[in-house]
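Engineer: As they're listed, the protein sequences go chains A and B.
Residues in the first sequence are numbered consecutively from 44, following the numbering used here.
Residues in the second sequence are numbered consecutively from 44, following the numbering used here.
Simulated from the structure, these hints should not be mistaken for laboratory data.
Not one of these hints is a red herring.
A pair holds if it fits inside one copy or across any two, identical chains being indistinguishable in the list.
Think about it this way: if two alpha-carbon atoms lie no more than 20 Å apart in a straight line, the pair counts; the simulated DMTMM-like pairs of lysine to aspartate or glutamate are:
(1) Lys79 <-> Glu94
(2) Lys64 <-> Asp155
(3) Lys64 <-> Glu151
(4) Lys54 <-> Asp140
(5) Lys90 <-> Asp101
There are 2 protein chains.
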Amino acid sequence: MSREEREQQIKEAAKKVFLEKGFRNTVMDDIMQETKLSRGGLYHHYKSTSEILYDIMDEGNRMREKAVKSTIELRQGLSFNEIVTETIVDKILSENDFIPIYAMFLQEIKQDKNLNNLYEKLKEKSTKTILELFNCTDNSENIVSSLDLIINFINTMILGCEILQVRDNFRNNKDILKKMILVVLNNKEE
Amino acid sequence: MSREEREQQIKEAAKKVFLEKGFRNTVMDDIMQETKLSRGGLYHHYKSTSEILYDIMDEGNRMREKAVKSTIELRQGLSFNEIVTETIVDKILSENDFIPIYAMFLQEIKQDKNLNNLYEKLKEKSTKTILELFNCTDNSENIVSSLDLIINFINTMILGCEILQVRDNFRNNKDILKKMILVVLNNKEE
Numbered sequence: 044m045s046r047e048e049r050e051q052q053i054k055e056a057a058k059k060v061f062l063e064k065g066f067r068n069t070v071m072d073d074i075m076q077e078t079k080l081s082r083g084g085l086y087h088h089y090k091s092t093s094e095i096l097y098d099i100m101d102e103g104n105r106m107r108e109k110a111v112k113s114t115i116e117l118r119q120g121l122s123f124n125e126i127v128t129e130t131i132v133d134k135i136l137s138e139n140d141f142i143p144i145y146a147m148f149l150q151e152i153k154q155d156k157n158l159n160n161l162y163e164k165l166k167e168k169s170t171k172t173i174l175e176l177f178n179c180t181d182n183s184e185n186i187v188s189s190l191d192l193i194i195n196f197i198n199t200m201i202l203g204c205e206i207l208q209v210r211d212n213f214r215n216n217k218d219i220l221k222k223m224i225l226v227v228l229n230n231k232e233e
Numbered sequence: 044m045s046r047e048e049r050e051q052q053i054k055e056a057a058k059k060v061f062l063e064k065g066f067r068n069t070v071m072d073d074i075m076q077e078t079k080l081s082r083g084g085l086y087h088h089y090k091s092t093s094e095i096l097y098d099i100m101d102e103g104n105r106m107r108e109k110a111v112k113s114t115i116e117l118r119q120g121l122s123f124n125e126i127v128t129e130t131i132v133d134k135i136l137s138e139n140d141f142i143p144i145y146a147m148f149l150q151e152i153k154q155d156k157n158l159n160n161l162y163e164k165l166k167e168k169s170t171k172t173i174l175e176l177f178n179c180t181d182n183s184e185n186i187v188s189s190l191d192l193i194i195n196f197i198n199t200m201i202l203g204c205e206i207l208q209v210r211d212n213f214r215n216n217k218d219i220l221k222k223m224i225l226v227v228l229n230n231k232e233e
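From just these sequences and the hints, can you work out the full model?
Structural biologist: Put into structure tokens, the structure is as follows:
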């Protein structure tokens, strides 16, 4: 296996264990057991469960980035704010392997300094990515000023979808959700 | 002590233990120890930790009801939707003893059938209360149709405030939050 394949294997195993036991209750030995790797084999790639979690989140972010790029390309006719709104709603309502882990991660950051740092790092990275994706337009300054509120709102809604299982209700009211997000974007323009 | 005083004492002790150990890890023995009551003394009032939790939530709801009533009285000059918006934003941003317990409770309902039933019961009860509080106006039908979305949104935002610690950020953007909620209310009117 290449380095990349091996790390992919470790991440998949870790996702499974995190979801079963919770991140907080998982130790490196659990990942060793799940991957059937030797101690040296595992530690060669990752020193801690936090490192693995970070890589999983980072992979999730890169997947999201690709999705955003394709939304931008598909929606050429829409206004800048409409495209941004579309990508935000997509993110809030999206359902994939990463979401339950991400929601679990968000629930842990308050108790765990290490994870909180990880969260800040990811937030910084996605802020940078969002700015890069959209910096071609005149409106980018509004985005900067409302980005913190928007990211907090997105993460809050993702938590609600997962914890309260209200994704279907939000999905059925997608148009209202879009209008709510446009309020944030338009408000910052004033 | 009167029955009411005793139950208040039990609820206060339980709140403390729930916050320390988490609801899921608390057993009746922990409450016995904290209250210094005998087994018979405690079980005379409550048969399970779920029963205590329900009473704590119910008390929180009644406090909220009072707050809503005073908001309605203080804001006589505002339109119906503006008053509703005001009470919703107040609820989302409110900070008191019940909120951390309520957020903890919301995080558990997915895993615990018993708590999920409790949640549905509380949701039904507050729906009824909200309708009673507002049924004097012409707009009450709009409220009914959007109530499920609104309650899901409120609970989602409460979770965000507690878990992500973004209450201050939301509070600083209170006007935007109000406009977002007006979108829901106005949308259902169309």
